[in-house]
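Please assemble the complex out of the two chains, which come individually in their own frames, going by the hints.
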Amino acid sequence: MGDEATLKDIARFRADMERELAPVLISQGRALEQTLCAVLAGGHVLLTGGAATAKGLLVLCLARAARLDFKRVQFTPDLMPSDITGTDILEEDAATGRRAQRFVPGPVFTNILMADEINRTPPKTQASLLEAMQEKQVTTGGSTRPLPKPFLVMATKTSVETDGTYALPEAQQDRFMLNVEMIEIDEDKEVEVVMTDPAARAAGIQQVVDAESLLRFQAAVRRITLPPAVRRMIVDLACSTRPGTPDATAEVTKYVAWGAGVRATQCLALCAKARAALGGRASATAEDVASIAPSALRHRIGLNFRAESDGVDIDALVARLIAHALTGTSAKPVATAGAST
Amino acid sequence: MSAASAPASAPLGAQHVQRLQAARAAVLAQVRKAIVGQDRVVDDVLTSFFAGGHCLITGVPGLAKTLLIASLGQALALSFKRIQFTPDLMPSDIVGYEVLKEEGGKRKLVFVEGPIFSNIVLADEINRTPPKTQAALLEAMQERQVTSGGVTRPLVEPFFVLATQNPIEQEGTYPLPLAQQDRFMYSLVIGYPTKDEELAILDRTTSETKSAIESALSAEQLLEAQRVVRALPVSSAVARYAVRLAAASRPKHATAPDFIRQFVSIGASLRGSQYLVLAARARAALEGRLAPSVDDVKAVALPVLRHRIVPNFKADAAKIGSEQLVEKLLKAVEPPRSGL
Chain D
56 MGDEATLKDI ARFRADMERE LAPVLISQGR ALEQTLCAVL AGGHVLLTGG
106 AATAKGLLVL CLARAARLDF KRVQFTPDLM PSDITGTDIL EEDAATGRRA
156 QRFVPGPVFT NILMADEINR TPPKTQASLL EAMQEKQVTT GGSTRPLPKP
206 FLVMATKTSV ETDGTYALPE AQQDRFMLNV EMIEIDEDKE VEVVMTDPAA
256 RAAGIQQVVD AESLLRFQAA VRRITLPPAV RRMIVDLACS TRPGTPDATA
306 EVTKYVAWGA GVRATQCLAL CAKARAALGG RASATAEDVA SIAPSALRHR
356 IGLNFRAESD GVDIDALVAR LIAHALTGTS AKPVATAGAS T
Chain X
39 MSAASAPASA PLGAQHVQRL QAARAAVLAQ VRKAIVGQDR VVDDVLTSFF
89 AGGHCLITGV PGLAKTLLIA SLGQALALSF KRIQFTPDLM PSDIVGYEVL
139 KEEGGKRKLV FVEGPIFSNI VLADEINRTP PKTQAALLEA MQERQVTSGG
189 VTRPLVEPFF VLATQNPIEQ EGTYPLPLAQ QDRFMYSLVI GYPTKDEELA
239 ILDRTTSETK SAIESALSAE QLLEAQRVVR ALPVSSAVAR YAVRLAAASR
289 PKHATAPDFI RQFVSIGASL RGSQYLVLAA RARAALEGRL APSVDDVKAV
339 ALPVLRHRIV PNFKADAAKI GSEQLVEKLL KAVEPPRSGL
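Residue numbers (my numbering), protein chains in the order written: chain D, 56 to 396; chain X, 39 to 378.
Note that these hints are calculated values from the structure, not bench results. A portion of the hints provided could be inaccurate.
[Said to hold, decoys possible] Stretch by stretch, here's where chain D covers chain X in the computed footprint (C-beta under 8 Å, at least three residues):
#1 90 to 103
#2 123 to 129
#3 161 to 169
#4 225 to 233
#5 237 to 246
[To be verified] Label pairs and their computed distance ranges (CB to CB):
#6 X:Gly-188 - D:Ile-238: 57 to 63 Å
#7 X:Glu-325 - D:Gln-129: 55 to 61 Å
#8 X:Gly-359 - D:Ala-222: 24 to 30 Å
[What the hints assert, rightly or not] In silico negatives: residues of chain X with every beta carbon more than 10 Å from chain D:
#9 Leu-66
#10 Arg-182
#11 Ile-251
#12 Ser-253
#13 Asp-333
#14 Asn-350
#15 Lys-369
Don't be surprised by glycine CBs; every beta carbon is placed ideally from N, CA and C.
The shape of chain X in the complex, shown without the other chains (with noise of 0.2 Å):
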């Protein structure tokens, strides 16, 4: 909860992400009073926050993803938004819009905000709008401003997306292309909670009792945090199992395994093995470790690739799904020997 100012230019020392470690539990107290389980998800969403990447979900309807990131936003103190995406929505509905005012006799022309000037935009089943309302939002999570009426503007800082998408398949949906999904750092998949549970959040949302959220972090102390992990020293080796890993999910690649060529269309691209170093140094400084390893690469593999390994029609009738095939991954590529 302390100010976490580290000069920008000393070095980091065990205090910076000490300091994270105590920011995560701190964060992690907070957000339990509102969630019950999802620990997975939970802890996936907050270490991309802390890398400052997006995130895409997958989970059916009912499942309180709204209430998940919502109280997320009140632990860290942020400002929140969400938007249900509909076939009708348009760039203006999300970017915003100018509208005619008069003050003082004088007429102007005054720029109404958007919902995306916000810090954390949960964008609600973001595949049942048509593709450019889609990029618009795409755009903007990349750039981080929006241009309208041909002023740029800014967005406000710190600035995640968190897309959601229905796993039933469905008629008159508009599936995100590609390239557009690899702009999320991580894809995560939100299930049903066990039965215990179920009955925890029976009995804590169906009575009297509510606890608030407090924040437990400041918009300033997660910038500062942000700094902190990605200024995190990687290693060689770390580095390079993280490139390795990505490229042998290519099918094309020399170094790729005989299930890949036989059950993969498309690998991931450099961003995936930009995006694996990035979650490591997060999970490494939240669990307070100064130096990512091979394990924090593993640990954050199945979120990094799970969207950017894409299967072709042999591993469809074959049941085998991005998941597994990232598993297998991870046991088909050794890590180097040099180094950590």
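Bound conformation, chain D alone (with noise of 0.2 Å):
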């Protein structure tokens, strides 16, 4: 099978990525990890967080660090479909005068794809990146191209301003596997940021990786095990967000206006296959989906006017959905005294 040589690879990958990037990345190991696991995956990467919170740096260490095309497109108010797609022109035949129609291919064909501040763009070219990612091809002209292999899009989205802005509506949110928050970095940290300019390393990340090994790496982690009781926990975890359903908490039915969909639970269980493979480890466990599943459920969970006017933070219900599925799977006989629903 060649699977442990395989998972070998991987392992070295993962130190390779952390020996070239932690330097730079100063405090975002976890962010670094859960963008790890869904390029593994195979799936988009949405970055949210704060001004200067080194989402842009992230990705730009990715890119250095795979050998593989990059290209970055700066989203704007006046960003066309074509502007990403690509365009038809007319063009002239110098020796004989002839013209003909050339396709010019757009920044969208590429392995790896920046999209900065996704939600300044208007939705029609917000919704023709978001075709392009989720067909892995792109119609223009009426004639249909294929995207390279492997494709991934890093979005990254403002929350400061949002004067200007389109927000992305939830069925589109829903095609990023994860949406990883970046973390605010403590004033030790800013101060050696500030004295050492980290960013400034990125200049000597060494490649560390090819098209080839990354497709080889993904197809690797479709073959990692999810034991019985994983499976049966990433289910009750998705289950849990869903209002007015048996198995949604009190809370969840309270403060949730929609649930995490189908594509939630197929998230969860590629990303923990992932996290195990780059773990060294041929099984994923309920570790691996706790770990991953507030990106996962972060931007699949709509809350509603409630639990706004009573201060209810998304990722405090994450967490605490997390730890309920949790134990739902270390120890089945809870038997907790009324058991409210």
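Okay, here's the thing in structure tokens:
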């Protein structure tokens, strides 16, 4: 099978990535791990966080460490779908004087696409990117062209300013496998950043992976074992987010407008497998699921007005749901007094 | 799978509906390779395809609606396009547009077909787009042709529109006007899978195995099957039952029961009774029967009437939805005694 050898390669890939990227990405080890999970699971990533939380830097580092084609698109209010997918242009042959139509591929024809500030662009342009993400192909002027493999979109979203932005509809957010939230660094780390300017070191990052290995890793991730108890926990966790269903917790039914769909279940399973592979393990655990779940669920659960007025925080809610699902798997007969629904 | 070439003039025989029954089984066997659960929705969409009607689908994001419809398309060898509806989508993004092209030193206008030139069009989140763009799609649905730049072009046959709506109320959406909703034969609701189904989905989609869907029917065979469905004879008793059911849903109609008068603002139109009969025909044919029965009408009543019976604010306050109203209606309206 060679899976054991591939697992070793994946573990080495992780170590290489950490060695190259950790000095540049101060305090963002968790964000890096989650992003690598999504990359190995073959999904796209939505990076959120305040200004200057190294969202863009993370993508740039990743692109530099991989021997892959990389393009960056700054999303603006006047960006058009053709600015992403490409355009047909009329070209004149200097020798014959004949004109012919030629397709100029847009930046989407790449391996890693950084979609910077995706919520600054109007919906139709957002939709054209999300369609390419989902279908891994692009249709313009009546012809359909496949995108290169692997194809990975890393989108950033500003949450600081909301004026003049177009919120991503929930159905479109769902297409991102993970929503990785960057953390605000503490004072000591900020002093370190100010003094050493780690971003300047990004130029020195060595390439540690190529397209061929990445595709091989992605195939191996799908072969990682998911034990029955872990499968059960994933489904229990996803079901617990759906208000008004028997599995929803009382808090969910009170505060959640819509819960995570089936895509969340698939994403939890694949990313847990990817995390196991990154740890050099052939089987995923409940801990893998718990670790990946905040990023898998954060953007798939919509809170209602009541949650807003009562000051309910989505991350805290997700954390409680994960704890709830974990107790369900480790000790089945919990027999809690007054199991409220 | 055998060619269902019924001579147009010859009377329908048992063999025609038996072929349809076999075709349904073959298509379902293929779709089951990709789709776990959702039996009711798969069955209803398939019935609408054989009847030649369009579907409105309501469901939250992430329930694999696209996969379901794309799989049906593959099993029926039909071309499939998905359009994400957005507030800035224009009619030309759906219908197509003309470009100037040069060939052999001469310039001419060439029409680039929009995504509507496809057998199955999935209009995703149709209520996110402004009315003019919605209307462009609905006009095409009705007329099965589009006009652009002064030229009218027929759409490909068969042609199905499946429009999805997100049930979560949001700002910035444009609800479909009732008259436009009326053009959809069926209104379907897609819900979460059961836990066991979700486990099966997980196993099937996150490991290696992938089985390709093969086409079980050709587009020609489907068109022929639609002709068989439309040619199926309906007894006057069954037709009368469908008409009474639709009439009783109209609050101002003499036969309307009290709960309809109390809770309904608008009832089903004439299209409602027409679609009840057409869907009953398709159901009977797909089950290998030559004569649609009152039970067939009852079985299709919910998806046909769900979007045609509009609850009023009193119903909203009492939390009575159109589904409950259809169920009550089915109990209240007596089938005619004569005939079958």
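A quick look at each hint next to the structure:
no. : hint                              : result
1   : 90 to 103                         : holds (count 5)
2   : 123 to 129                        : holds (count 4)
3   : 161 to 169                        : holds (count 3)
4   : 225 to 233                        : holds (count 3)
5   : 237 to 246                        : holds (count 8)
6   : X:Gly-188 - D:Ile-238: 57 to 63 Å : holds (59 Å)
7   : X:Glu-325 - D:Gln-129: 55 to 61 Å : holds (57 Å)
8   : X:Gly-359 - D:Ala-222: 24 to 30 Å : holds (28 Å)
9   : Leu-66                            : holds (20 Å)
10  : Arg-182                           : holds (20 Å)
11  : Ile-251                           : holds (16 Å)
12  : Ser-253                           : holds (19 Å)
13  : Asp-333                           : holds (31 Å)
14  : Asn-350                           : holds (24 Å)
15  : Lys-369                           : holds (26 Å)
Of the numbered hints stated above, none is contradicted by the structure.
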